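Engineer: Each chain, written out:
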Amino acid sequence: MKRKIYMIIAAYALLSANCTESTIIDEKINVKASLPQNINFTKQGFKVISLLINKKVCTMATLYGNDIAVKAALSENKILRSGFQMALVTWQQRPSPYWFGDNIPDRLQSVELIKTDPVTDKLIYEKYGSTGAKIATDNRNVKERISYMLNIKPSVLP
Amino acid sequence: MSIFTNLFSRQAMVSTILILLILLISIQFLRPELAKPPVTSDIPVPANVKAILKRACYDCHSNETKLGWGDQIVPIYWQVARHVNQGRAHLNFSEWDKYTPAERKQKLWEAINHASLGAMPKADYAFVHQSARLSATDISALKKYLAGIVDYKVSDTVKLNAAARQYEEWLHNSRLSQIPVSPNGIPYDPDYKNWQPLSISDRFENGTMRVIFGNNIAVEAAKTNQIRPWPDGARIAKALWTQVRDSSGNVRTGTFVQLDLMIKNSQKYASTGGWGFARFKTLKMIPYGTSSMFASECINCHRPMKNEDYVFTIPVKQ
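The listed protein sequences derive, respectively, from chains A and B. Our numbering puts the first residue of the first sequence at 1, with every later residue one more than the last. Our numbering puts the first residue of the second sequence at 1, with every later residue one more than the last.
Same shape as in the complex, but just chain A (with noise of 0.2 Å):
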């Protein structure tokens, strides 16, 4: 009874304090996501042109390009000028820890960059990993990736 009274008053004093308590853990940025230093998008002057998720694998992707590939992407013939740059880079899924039913980038798995040469006008494929360092390629694999990125299709963005 007595305890009852004591909290009743103190809830009182409460409410004028409107007081929440948070019992979440602050996470300020989503380091394991973060690109790697030698990859700067922000200087390239880097678009979104799409997004990307496999449910199957569990991955998450962005799609960026320089104003020449954004272009390229959104024409029918997909004609590669020179001075194209596009980059699909790739993260782990992970839940977020504010919203129980959506996943947000975990750690980042790879950085693909293709890109005209200024020589021969012909198209380079790079892989990075999460480290920034250069993945070997074979060659295969590679026509099938620029295959892959020139067809994805963009995202409406008004």
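In case anyone wonders, no lab produced these hints; they're calculated from the structure. Note that this is a predicted model, so its numbers are computed, not measured. Please note that a few of the clues may not be correct.
[As the list claims (entries may be wrong)] Residues on chain A that point at chain B, a partial pick, calculated with CB under 8 Å:
#	residue
1	K55
2	T62
3	A72
4	L74
5	F100
6	L150
7	K153
Idealized CB from N, CA, C, for every residue including glycine.
Go by the hints and put chain B onto chain A.
Structural biologist: Frame of chain A, contents of chain B only:
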């Protein structure tokens, strides 16, 4: 002399107590109305989930409110009545038929997420009403139920066609004749697509996917860890699409649904956590909300993230 003082002070004390008592008794009649509307349609959920909701949520979020004797005493009653009236207005498990199927899902996920974030039940309410508290076991039972109602269907032709139609319309015929403005005065910002993404999200719970963009100020703030709080001038834009899913688990963006904007100005938007909120729907960027009051809906959902400056997104450094 001292006898007189004693007498006087004792008398004063008695009369003060008496006055306070009379005051306390008389304010008992100042009772805001707490209606008892009928249960039109109780939320259909499994028995174990219902038991948790009834015990912890129903006093404020249903028409089956049960007040304890302590709740009946003014001024406690005032606070409890406010909780119940606000609670019912926001989410009422007894009038489940009044919501559309999409609203039902959205309300349920929001409710359980807010409980999981510790924002529900309200701290002051749970302090007195111990039964309203949710244990870790309760939360995991609620989450298990939610996980079971997620729709993992492969997208049908209706969805695919809608996405294809909108894509064509966007490419060939979607210039805005003028910049739409939200009811709180925030104009649509077409520059968002030139910003860097802060993160992406797979909101499988409602079948949408998002890119969360930040303007230069926001991206720089994230790079230098200066986001508690985010600096004035920071802008965050969330583009949202439906998910189009094929049989091998590949998901791409379907129809563009809306663009959500958050603009940081700690003075101008002090009443909504320092953020100006706006939402623009479809290719036409139709402003959401009928009056500037719509922003209270935004901040109410973001409030559990107060310590994170009201932002759910955990930025990825680009």
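Engineer: Does each hint fit the structure? Answer for all of them.
Structural biologist: How the hints compare with the structure:
At its closest, the beta carbon of K55 (chain A) sits 4 Å from a beta carbon of chain B; the interface hint therefore holds under the 8 Å criterion. Interface hint at T62 (chain A): satisfied, since its Cβ lies 6 Å from the closest Cβ of chain B, which is below the 8 Å cut-off. Below 8 Å, beta-carbon pairs count as interface contacts, and A72 (chain A) has none with chain B, the closest being about 14 Å; its hint is therefore violated. Hint status for L74 (chain A) relative to chain B: holds, with the closest Cβ pair at about 7 Å, below 8 Å.
Given hint, F100 (chain A) at the interface with chain B, holds; its Cβ is 6 Å from that chain's nearest Cβ, closer than 8 Å. Checking L150 (chain A) against chain B: minimum C-beta separation of about 15 Å lies over 8 Å; hint violated. Satisfaction of the interface hint for K153 (chain A) is found here, the shortest Cβ-Cβ separation to chain B being roughly 6 Å, below the 8 Å cut-off.
This entry does not satisfy hints 3 and 6, going by the numbered hints stated previously.
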